[in-house]
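Q: Take a look at the letters that make up each chain.
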Amino acid sequence: MSTKRLHNFWTKWRWECLLVLLIVVVAFVNARASNYFLNSTNLLRMTSDFIEIGILILPMTFIIVTGNIDLSIASTLALSASLMGYLFMSGWNIWLAAGVALLVSICAGLLNGVLIARLKLPALVVTLGTLSFYRGLAYALLGDQAARGYPPEFTYLGQGTIGSTRIPFALLIFIVLALAFGLVLHKTRFGRYLYAIGNNKDASRYAGVPVDRILITIYVLSSVVAALAGFILAARFGSTRPDIGLGLELSVITITVLGGVSIFGGSGTLVGVVLALILVAILRFGMGLMNLQGQVQDIVIGMLLIVSILLPTLIERFRHTWHWQPRMLWQSLAALLVLVLFISFFFWSRSLILFR
Amino acid sequence: MSTKLKLFAVMSLLLPMLIACGGSAPATDGSATNGSATDVSPTTAADSQPASDSASGGAKTYVLVPKNLGNPYFDTANKGAQEAAQELSVTVTYQGSAAADATQQIQLLNSLIAQNVNGLAISANDADALVPVGKSAIDAGIPVVTWDSSIAEGGRTVHINQAVSADIAAIQIKMASELAGGSGKIAILSATSTAPNQNEWIALMQEELKKPEYANLELVETVYGDDQDEKSYTEAQGLMTKYPDLKVIIAPTTVGIAASARAVQDAGKIGTVFVTGLGTPNQMREYVKSGASPQFALWNPADLGYLAIHALHAIASGQIEGKPGDSFSAGRLGQYTIADDGTILLGPPTVFNSDNIDSFDF
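Same order as they appear, the protein sequences are chains X and D. Per the working numbering, residue 4 is the first one in the first sequence, and the count goes up by one each step. Per the working numbering, residue 10 is the first one in the second sequence, and the count goes up by one each step.
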C-alpha cells in the first residue's frame, strides 16, 4: 500500500522531484564555491532580478498548458510601462497613468485572444506579430527618451522592502500571485478546462468547454499580468525606456518549459514551474558569484533546457519498452556524453575566462 | 516493476555524475593535482581571493564592467585598466553581461555587490535604470566610477567624461581644415537624423566653422547613412557625384567614416577627396595607409580605463572623497580634478595618423 502510494507520488511529481534534487545540488555547489551565496541579504537582493520573470511565468504556464504560446508578453510589458511613463511625463498622476496603461494592456490581450480564439489564427504567428507591434508602439510613445522621476510611493513597488525587514515588497506580490495562479490551475474547473483544451481542443469543445472564451480570458490575463510586471520593473529601474524588458519572453518560456510544462499542451504543474524559476535563479546567481561571463551563463541555461527536454523523452522510452535493446544503450550513452561534455565545458570555460 | 527499475537505474546513473562533477570543483581546492583537475583548482582559488583580501584589508579588487563583452573598444579599455592595476598593485577583473542590456547588467552588478568587491568602474547600459543598483553599491560602501557611459547622478560617485562635445567638434573641423588646405567644400556624413549626440556635434561643428580661421571652408551638405555600411557608402558616393570639387567628408560615426573612406578609395579619388571624423584604428588602418583618410580622431579607450581605475583607487583607498574639487594623480596621465558636476574630463581626443596608428589595436 505504502509502496503503491509512493509509486503514485513518483509518477505524478517525478519532474518536480528532479527539480528539487537539482536545486539542492546547485545550492550545494554554490555554497561550496562561494562564501557569499548563503547570505540572506545577498539572496534577498538577488530575488529582485527574477521577480518580473517570475510573475510572467504564471500566465505563460496557463497559456502553454492549453497548447498555445504568448511571445508578446515582454512587448506588452514595455507598452504598458512606456505608456505609464509617457502619461506621467505629461503631468498625470502616476497611479492614474498606471490605471490607463492597465486598460490598454487589456486591449492588447483582447487583440491577441480574439485573433487566436475567434479567427483561429496560430498563436505563434499572432503573438510574433504583436511582439513587434506592441514594442513598436512603446518606441512610438517614448522614442529615445526615458521617462523618469517616479515618486517614491511608486518606486516602492520595485525597490521597497516590507517594514524593517530586507524582504522585497515585490517578492510578496509574486508569492501571492503564484499561490492564486496555482490554486486556479489545480483546484478549479477553469484550471481543469485549461488541461482539457491542451489535450484535445476539439473534444473539449464538443464536451461543452467554452474554449474561445477561456482562451481570450487567459490572453487578457497574460497581458494584465505583463502590465503589472512592467510597473514593477519600471519601479525597480526608477525609469522607463521603450527597450525595457527586451527579450524577456525567451527567459520566461525557457523557465516554463524547464518546469515540465509540455510545449504541446496538456501537462505540467505550477509547482514545477516555480521550482524551475528557483533553479534558474540560484544557478544564475551562483554563476555570477563564480564570476562566469554572461555568454557562459547563457550556454549553461541553454544546455539545461536541452537536457531537460532530452531526459523525459528518454525516460518515456524506458517506460514503454519492456526489454532492454542495444539501441537504448547507444541512446543513453549519447545522453551521458552530452552531459559530460557539458560539464567539462562548464569548468573548462570557467578557467579559460578567468585566466584570460 | 522492471520499468521502474530501469528508470531508477538511469536516474542513479545520471545524478551522482552531476553531483560528483559539480562537487569536485571545490573539493580540489586545496590539493593542486596534475592533469585536468588543475584547470579547476586555480580558478576556485582565484574566486576566494577577493574575499580574504577585502576582509584583511590587503590588495584591493576592483571590477571593470563594460556595456557588454566581446567588443574591442571595451577590451582596449581593459588593457588600460590592467596597466593601472599593475602600477597600483591592485587586482582589476573584467566582468560584463553577454548583451548590452540594462537588466542583465543590473543582475551582474548585484552579484558583484554580493561579493563585496572594493570598487566598480561601470560603462552603463542605461543611465536611469542603473541608479538604484549604483546607489545600493554606494550604500554598501562600494564606490562607483562610471566611464564611457554614465549612470545619472545619485547612482555614481564620479563619472569620467571621455571628451566634451565642443572638443569633439573642434578637432574634427581642425582636421578637415588641415586636409582641405584651409579652403574648399566640405560635407558631413552622419548616422541617423535623430541621434542626439550626432546632432549636438553637428551643431557645434557649424558653430566652429564661424571662426575666422575657417572662413574659407564651406559646409555644403549633411547627409545621413543611418549607421549602415551600405547606405553610408551610397551617401558618400552621392556626395562626390553632386559636388565634384568636394575636398573633405567628415563622418562623426565609426560606421560612416569607414564606408566613406572605402567609397573614396573605390572611386579612385584618393588625394582629391579626404575622409576624416571619428573612427577606430583597426577599421581605419587600411585607409590611413592608403591616404583615403590620413587622419581621424577618437578618445583613447585605454586611457579611459586607465583613468577610471586610478580615480576608483583614489576614492576606495580614501585619498579623496570623490567630491567636486578633489584632486588626484593618475599616473602617466597626470593630475586630475573633479569638476563641479561630479565628472572628470579625460582630455582632448587623440588624433590617429600614419605615425601612431600601429601602436593601437581596437
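Just so you know, these hints were derived from the structure itself, not from any lab. Check the hints yourself; a few may be wrong.
[Said to hold, decoys possible] Rough simulated footprint, nothing fancy, chain X against chain D, three-plus residues with beta-carbon under 8 Å:
hint, segment
1, 112-118
2, 232-239
3, 336-345
[As the list claims (entries may be wrong)] Just a sample of chain D residues kept apart from chain X, beta carbon distances all over 12 Å, derived:
hint, residue
4, 77
5, 79
6, 135
7, 137
8, 140
9, 144
10, 149
11, 203
12, 212
13, 216
14, 308
15, 364
16, 371
Glycine included, each C-beta is placed from N, C-alpha and C at the ideal position.
Q: It remains to establish, for every hint, whether it holds in the given structure.
A: Comparing the hints with the structure gives:
1. 112-118: holds (count 5)
2. 232-239: violated (count 0)
3. 336-345: violated (count 0)
4. 77: At roughly 8 Å from the nearest Cβ of chain X, residue 77/D sits no farther out than 12 Å, so the non-interface label is violated.
5. 79: violated (8 Å)
6. 135: At roughly 6 Å from the nearest Cβ of chain X, residue 135/D sits no farther out than 12 Å, so the non-interface label is violated.
7. 137: violated (3 Å)
8. 140: Residue 140/D not clear of chain X: closest Cβ-Cβ about 6 Å, inside 12 Å.
9. 144: Since the minimum Cβ distance to chain X is about 9 Å, residue 144/D lies within 12 Å and the statement is violated.
10. 149: At roughly 9 Å from the nearest Cβ of chain X, residue 149/D sits no farther out than 12 Å, so the non-interface label is violated.
11. 203: violated (7 Å)
12. 212: About 17 Å separates residue 212/D from the closest Cβ of chain X, which puts it past 12 Å; holds.
13. 216: Consistent with the label, residue 216/D stays out of reach of chain X, its closest Cβ about 23 Å off (over 12 Å).
14. 308: holds (22 Å)
15. 364: holds (31 Å)
16. 371: Given a closest Cβ separation of 16 Å, the condition holds.
Violation of the numbered hints given earlier is confined to hints 2, 3, 4, 5, 6, 7, 8, 9, 10 and 11; the remaining hints are satisfied by the structure.
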